[in-house]
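Student: Spelled out, the chains give:
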Amino acid sequence: MKMKQILAVVLSAAMVFGLAACGSNTTAETTTSTETASVDTTAEPTEAPEAEAAEEEHEPITLRMAWWGSQTRHDRTVAVIELYESLHPYVTIEYEPMDFDGYFNKLATLVASNDVWDIFQLGSNFPTYQSKIYTLNDFIADGTIDVSGTNDAFLRIAADEKGNQVGLCSGVNTYGIAYDPELFKQAGVAEPTENWTWDDFKNACLTIHEKLGIYGSSKFDDWQAGASMGINQEGFGIGFFNKTNDGMGFDDPKMLADYMQMRADLVDAGAFPDPGACNEIADIEQDFVVTGEAAMTWVASNQFVALSEAAGRELKLINPPRKKADGPAGVSIQSSQMLCVSQDSKYPEEAAKFIEFFQSSVDANKILLAERGIPTFTAVREALAAELTDTEKAVYDYVDLVGSFDTGGETVNPSSPECVDAVKEQYKYYLDKVIYKEMTAEEAAQAVYDFAASQF
Amino acid sequence: MSRAKTDRIESGRSPWNRFIYNDNTVGYIFASPFIIGFLAFTIIPMLSSLYYSCTNFDLINEEKWIGFANYINLFKDERFLNSLKVTFQYVALSVPLKLAFALFIAFLLTRPSKMVSFYRSLYYLPSLIGGSVAVALVWKELFARNGLINTNLSKLGIDTVNWFGNMSTAKWPIIIMTAWQFGSSMLIFAAGLKEIPTSYYEAAEIDGANGWQKFWKITMPCLSPVILFNLIMQLISSFMVFTQAFVITGGGPNDATMYYALYLYKQGIQSRNMGYASAMSWVMLVVMGTVTAIVFKTSKQWVFNEADS
Numbered sequence: 001m002k003m004k005q006i007l008a009v010v011l012s013a014a015m016v017f018g019l020a021a022c023g024s025n026t027t028a029e030t031t032t033s034t035e036t037a038s039v040d041t042t043a044e045p046t047e048a049p050e051a052e053a054a055e056e057e058h059e060p061i062t063l064r065m066a067w068w069g070s071q072t073r074h075d076r077t078v079a080v081i082e083l084y085e086s087l088h089p090y091v092t093i094e095y096e097p098m099d100f101d102g103y104f105n106k107l108a109t110l111v112a113s114n115d116v117w118d119i120f121q122l123g124s125n126f127p128t129y130q131s132k133i134y135t136l137n138d139f140i141a142d143g144t145i146d147v148s149g150t151n152d153a154f155l156r157i158a159a160d161e162k163g164n165q166v167g168l169c170s171g172v173n174t175y176g177i178a179y180d181p182e183l184f185k186q187a188g189v190a191e192p193t194e195n196w197t198w199d200d201f202k203n204a205c206l207t208i209h210e211k212l213g214i215y216g217s218s219k220f221d222d223w224q225a226g227a228s229m230g231i232n233q234e235g236f237g238i239g240f241f242n243k244t245n246d247g248m249g250f251d252d253p254k255m256l257a258d259y260m261q262m263r264a265d266l267v268d269a270g271a272f273p274d275p276g277a278c279n280e281i282a283d284i285e286q287d288f289v290v291t292g293e294a295a296m297t298w299v300a301s302n303q304f305v306a307l308s309e310a311a312g313r314e315l316k317l318i319n320p321p322r323k324k325a326d327g328p329a330g331v332s333i334q335s336s337q338m339l340c341v342s343q344d345s346k347y348p349e350e351a352a353k354f355i356e357f358f359q360s361s362v363d364a365n366k367i368l369l370a371e372r373g374i375p376t377f378t379a380v381r382e383a384l385a386a387e388l389t390d391t392e393k394a395v396y397d398y399v400d401l402v403g404s405f406d407t408g409g410e411t412v413n414p415s416s417p418e419c420v421d422a423v424k425e426q427y428k429y430y431l432d433k434v435i436y437k438e439m440t441a442e443e444a445a446q447a448v449y450d451f452a453a454s455q456f
Numbered sequence: 001m002s003r004a005k006t007d008r009i010e011s012g013r014s015p016w017n018r019f020i021y022n023d024n025t026v027g028y029i030f031a032s033p034f035i036i037g038f039l040a041f042t043i044i045p046m047l048s049s050l051y052y053s054c055t056n057f058d059l060i061n062e063e064k065w066i067g068f069a070n071y072i073n074l075f076k077d078e079r080f081l082n083s084l085k086v087t088f089q090y091v092a093l094s095v096p097l098k099l100a101f102a103l104f105i106a107f108l109l110t111r112p113s114k115m116v117s118f119y120r121s122l123y124y125l126p127s128l129i130g131g132s133v134a135v136a137l138v139w140k141e142l143f144a145r146n147g148l149i150n151t152n153l154s155k156l157g158i159d160t161v162n163w164f165g166n167m168s169t170a171k172w173p174i175i176i177m178t179a180w181q182f183g184s185s186m187l188i189f190a191a192g193l194k195e196i197p198t199s200y201y202e203a204a205e206i207d208g209a210n211g212w213q214k215f216w217k218i219t220m221p222c223l224s225p226v227i228l229f230n231l232i233m234q235l236i237s238s239f240m241v242f243t244q245a246f247v248i249t250g251g252g253p254n255d256a257t258m259y260y261a262l263y264l265y266k267q268g269i270q271s272r273n274m275g276y277a278s279a280m281s282w283v284m285l286v287v288m289g290t291v292t293a294i295v296f297k298t299s300k301q302w303v304f305n306e307a308d309s
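Protein chains in written order, with this note's numbering: chain A, 1 to 456; chain B, 1 to 309.
Just chain B, same shape as in the assembly (with noise of 0.2 Å):
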């Protein structure tokens, strides 16, 4: 604390001034729009969202106490269920892929060379529109039946793709849409790669190691607390994957693409039942926060940590 301040706290007789130049009401102050907006926005819609979800409520009557049984219902409503394998199902193929792809461009961009800024702002462009209706219309235009991608493959000779008409096929067009959405990683990725000291690479040199064994040895090892953030992260976000599947697919067909976010929409709005789709969000968060608990849990296993060697 600076001398100045000190001072003035002491010239300040009156207990309003002691109390608004203290350290932790000037604390307070700075952060209260976040508090007022997490209490605001955060935690009072949580709140209302657990009583309702012990209620019937379908917005327009008023909402009648009815215990447990939305979420007993859930669990042998057939459709949810299959929200819940095709929700799973798309995680387990999306996020590995795209932070796969988010790892390979940030090792190409390491390259000392003038253009590596210019690249990174390209390949982040995806992910600052990527989430937006407008990308999401352009993907449904691209893997239309006479759409782009159609027509390019039977330019080549290719049988085309009946994308959106088919169960196995429908969920493709929006996997390979989350994995283009690589940016924020990539970025996260590539300040990880910087961190890694250039010496451990030059003893590896000397020993003889190949690329391949560098990667394996130094890289990963030393990039694997980054490479657990981005995970979490991922697996966050995927969880709640929406957008992209209202609009491209409306989770057809036969539910192929009705991913959880989805059906809780369908079903609070749509359907007009708000108790019930309160509920499922109640559940989304039990499940996230398990898989998110899982991941930390066997993170000691995988993430190798300067400190503790």
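Chain A on its own, in the form it takes in the complex (with noise of 0.2 Å):
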């Protein structure tokens, strides 16, 4: 008998350790579970068409990309992609299109693994991931990537401080706000002016939120409204981290406060979706701007188009709310995304050679018409102007109403340190602690100006 029970305890300890090891793989777990779920939507690389093949010989050659974004973006970079697979029967290009946060978990796992697509997709966050970029200098200097049609203005917000050219600008966008004209009629309010104040966008939601029982704002990018876009409000060259991204920009906590109250105070009042109900929009299709139960949403300028036809009404562009009627407007216009050329591959010049087509052709690009952001190959963006349809052209005049903000002489920096992610987490956290009362506003902004500080 005694030999059975330690053999119980014996057998159910094994259980225990294989378990737990389960518990401590849990990311990798997740990776392939995330992997599989990608190859469903991924894969079938299409047949190239018996195309009289290019002239010269060429070994068939396979590269993997991959990006994030909405359905929208996934069905036209996928024709795009069989667009170059049929001119260049020779390359075959495996696609990974994902969501946001899943996008980057598998870039984390895949950078550890020196597996890195070879033409990947990244933001203003390059710096992280910058011993994983094939800069493209040899490439533009030898001429396989041409970059004549585009201006060094443009090359320069893809690349870093000392003129490595990380990748190609996919498009430039800016961040605003987009909201529904006739909502804001039937309440009563005003609607917002490129001066209006955060104090106004408060009113206005409370006011919406009374007239109209609906949320008078959808889910917000809290971090950049409030963060990052928030402290470049304050003043001309003021921004939350330092130029050389190894520092705060800012020294006084109280500037991240008021954004946190605002934001609480508005959930109170049920003007704001609290934290369960952001959660319900897993993207921008499903905002409640779109399902009628909001009145303003926050958004990149190239996700207007998109959001615009889930809506299908007619919505408008205007900038963030300012800290002052006449202070600075904190949104500059940026690159929205850029493509890279990963060290991993063994093709880089195959993959510049499809980036440039990706970002230059007039073609591709009819087919992507400017999901990305606006482009910034000349040729490119005049023959989208051609035919621009009026959700297209707010989109476009936006981006010219925010280049012509002032910017006091101040170049905005390009790109954020390292620590952005987990800065952005806490963020978060503890925005969250505001909401459910168990901090106030000058305590959390506090807490959160540390836990920066303390990442240098």
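Among the clues, some could well be false.
To be verified - In silico PhoX-like links for lysine-lysine, alpha-carbon gap of 25 Å or less:
hint, chain 1, residue 1, chain 2, residue 2
1, A, Lys324, A, Lys243
2, A, Lys243, A, Lys437
3, B, Lys217, A, Lys437
4, B, Lys76, B, Lys214
5, A, Lys366, A, Lys316
6, A, Lys437, B, Lys76
7, A, Lys428, B, Lys76
8, A, Lys254, A, Lys366
9, B, Lys85, A, Lys428
10, B, Lys217, B, Lys300
11, B, Lys85, B, Lys114
12, A, Lys243, A, Lys254
Claimed, not checked - Going by beta-carbon spacing under 8 Å, a handful of chain B positions derived as facing chain A:
hint, residue
13, Arg79
14, Ala144
15, Arg145
16, Val161
17, Gly165
18, Met167
19, Ala170
20, Gly250
21, Gly252
22, Pro253
23, Lys266
24, Ser271
25, Arg272
Unchecked claim - Pair by pair, the computed Cβ-Cβ distance ranges are:
hint, chain 1, residue 1, chain 2, residue 2, range
26, A, Lys437, B, Thr110, 36 to 42 Å
27, A, Lys437, B, Asn152, 29 to 35 Å
28, B, Phe104, A, Gln186, 34 to 40 Å
29, B, Val295, A, Met248, 57 to 63 Å
30, A, Lys366, B, Phe118, 39 to 45 Å
31, A, Tyr90, B, Ile129, 39 to 45 Å
32, A, Gly403, B, Arg79, 39 to 45 Å
33, B, Asn210, A, Lys437, 49 to 55 Å
Calculated directly from the structure, the hints in this document are not laboratory data. We put the beta carbon where it would ideally sit given N, CA and C, even for glycine.
Each chain sits in its own coordinate frame; assemble them with the hints.
Tutor: Rendered as structure tokens:
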């Protein structure tokens, strides 16, 4: 009997061990699940049409590519990939469309295993992945990538401060507020103007909620609105991080408090979705503005077309509210994202050729339709400008408007330091604490500041 | 051992044959797929996570040895302590609920009926699909602000519940989902119930025992070893709750469902503090080992063992 009991203990101990091992490998497990999920949507490398082949003989090669975005972006990008494969029958491109969080989670594991996709998409967080980026300077110098169709300013927004061309910009965008003018009218609220303030925003939300019983505003990118852009609004040349990405760019934590307080007040009043409701929105096509449950929402300007199409109503774009009516707008034109070649690629030159095609080919961009932001190649922009729809025109006009804002002669840092993901996560955490009244806005602002400062 | 086999071993003159037909060799060869898998996918990753737990590994840069700093920082991290608290709360609520439910259904299904096996399969179904992302997404829709549950509540004239917007209610959909996957515990209970000799019940009936007495005096003691087994299995799997919280609530609101494994994932993959996350997983191992050991220690008091009586 004794024997049996000992055996039972040993066996179950082994089991605990084994299962706990699974626990410690949660990360590995989840990556496989995202992998399988993406495999479903990916693959089916399209059969290259039996085109009369290129003049030169080529070994067939396979490139891997991944990006994040909405369904609209996935469909259009896949169409461009198929077009490229039909023009270059020796190239097969395996692709993985993903959502934003899933994309960066997978990228982190691929970086660790030295297996990053040949062609991948990055935003302002590129310094984090710099060691994995194959810079394009040589390809530009030897003409593999022809940049005569764009200009230095557009190249620079996809380069680091040392002048390394880390990628080619897929388009420029900026942040803004999309709103439904009809709902504003019904609630008797004046439509926002370019000098509106956060107080105006708060009052508009409260009035709309009171009159119509819906949310004044839908989910915000709180990090952008309250911290990144929010700090830019404090004065020209002030940013959350400094320009060399090695320290803080402001010194008064109170600058973070107002936004947090306002968010908490609006949730309290029912004029802004609580964190549970925000969590119901998976992507821009399910936003509460689309369902008619909110009158405003935060967008990146290039998302405006997808949002309007999903809503099927007339929406308008305006810049985010300012801290002071005559203060800096905080928003600026930036590279929405870029395509990069990875250090792990076996065919960096082929990957670079594809990126050049993707960004500069008029045919390709007639499929993409500026969904990643306004194209940076002149010929492409002109070709698209000829046949803009009303919503697309609204985006162009809005980006022009932001471009005309006074920047005080300061340029905005296009990149962010490596710790940005951890700081963002902590910002959200403390914002929730304010919303659920476990902290005051001042305490939370101080805590965010201390955490961010401790990262350097 | 069969006569024929012994003969063959004798006849194999070469040392190779003697080696390959040796019982131990045969045993190891057949066990090798498991052993290789266990070494490659369990032991090596575990040891490397032990190493990383003492470094500041961030997936991208070369790691640096920092000793026990990660472990010390863990206990200063309020989010970590909160994740421990909500995980214990979840385990304490979901495990008894699930086991009680499983036992109840297993008990109902001991009745002699042609439909029993059909019903057993039916009730097992949620366990097969329950851990999947698809079901978690369905659950998210069910309990959404305008989801099926709230729509029906309002039809019945009851106030709707803002399940995921409220710190105190957000855990319930997840706990209910866990309890709903009672199938495998139910099957084990059903097998255990079958093992109890009917003569015990007959004897009790003659002595005039009612159904309630029969359950507490006969069923429960005889079933206690099975309960112990189920309890330990469910404790372990509940501590590792991840998918449901990840998909349904994302850990919110305000960390009310930020369970241990989910926080570990957030630290390791989202914030790329892989060293810190590795330290967390080792603390988890210790915590789960301790809880399991306590259950074993106390089991002497309540597990009835026929051999001892």
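Student: If a hint holds in the structure, say so; if it doesn't, say that too.
Tutor: Hints and how they fare:
1. A:Lys324 - A:Lys243: 24 Å, holds
2. A:Lys243 - A:Lys437: Roughly 34 Å between the alpha carbons, so the hint for Lys243 (chain A) and Lys437 (chain A) is violated.
3. B:Lys217 - A:Lys437: Measuring from Cα to Cα gives roughly 51 Å; hence the hint is violated.
4. B:Lys76 - B:Lys214: Outside the cut-off at roughly 51 Å; violated.
5. A:Lys366 - A:Lys316: 24 Å, holds
6. A:Lys437 - B:Lys76: 22 Å, holds
7. A:Lys428 - B:Lys76: 19 Å, holds
8. A:Lys254 - A:Lys366: At roughly 47 Å apart (the allowed maximum being 25 Å), Lys366 (chain A) and Lys254 (chain A) break the hint.
9. B:Lys85 - A:Lys428: With a Cα-Cα distance of about 20 Å, the restraint between Lys85 (chain B) and Lys428 (chain A) holds, given a limit of 25 Å.
10. B:Lys217 - B:Lys300: 18 Å, holds
11. B:Lys85 - B:Lys114: 46 Å, violated
12. A:Lys243 - A:Lys254: 21 Å, holds
13. Arg79: 7 Å, holds
14. Ala144: Given a least distance of 6 Å, the restraint on Ala144 (chain B) holds.
15. Arg145: Constraint on Arg145 (chain B) satisfied, holds at 6 Å.
16. Val161: 11 Å, violated
17. Gly165: Holds - the Cβ of Gly165 (chain B) comes within 8 Å of chain A, reaching about 3 Å at its closest.
18. Met167: 6 Å, holds
19. Ala170: 7 Å, holds
20. Gly250: Since chain A brings a Cβ to about 5 Å from Gly250 (chain B), closer than 8 Å, the hint holds.
21. Gly252: Status holds, d = 5 Å.
22. Pro253: Holds - the Cβ of Pro253 (chain B) comes within 8 Å of chain A, reaching about 4 Å at its closest.
23. Lys266: Hint holds; Lys266 (chain B) Cβ to chain A Cβ min 7 Å, cut 8 Å.
24. Ser271: 4 Å, holds
25. Arg272: Status holds, d = 6 Å.
26. A:Lys437 - B:Thr110: 36 to 42 Å: 51 Å, violated
27. A:Lys437 - B:Asn152: 29 to 35 Å: Once the Cβ atoms are compared, 31 Å apart, the range 29 to 35 Å for Asn152 (chain B) and Lys437 (chain A) holds.
28. B:Phe104 - A:Gln186: 34 to 40 Å: 53 Å, violated
29. B:Val295 - A:Met248: 57 to 63 Å: 49 Å, violated
30. A:Lys366 - B:Phe118: 39 to 45 Å: Once the Cβ atoms are compared, 58 Å apart, the range 39 to 45 Å for Phe118 (chain B) and Lys366 (chain A) is violated.
31. A:Tyr90 - B:Ile129: 39 to 45 Å: 43 Å, holds
32. A:Gly403 - B:Arg79: 39 to 45 Å: 41 Å, holds
33. B:Asn210 - A:Lys437: 49 to 55 Å: Because 53 Å falls inside the window, the suggested range holds.
Comparing the model with each earlier hint shows violations of hints 2, 3, 4, 8, 11, 16, 26, 28, 29 and 30; every other hint is respected.
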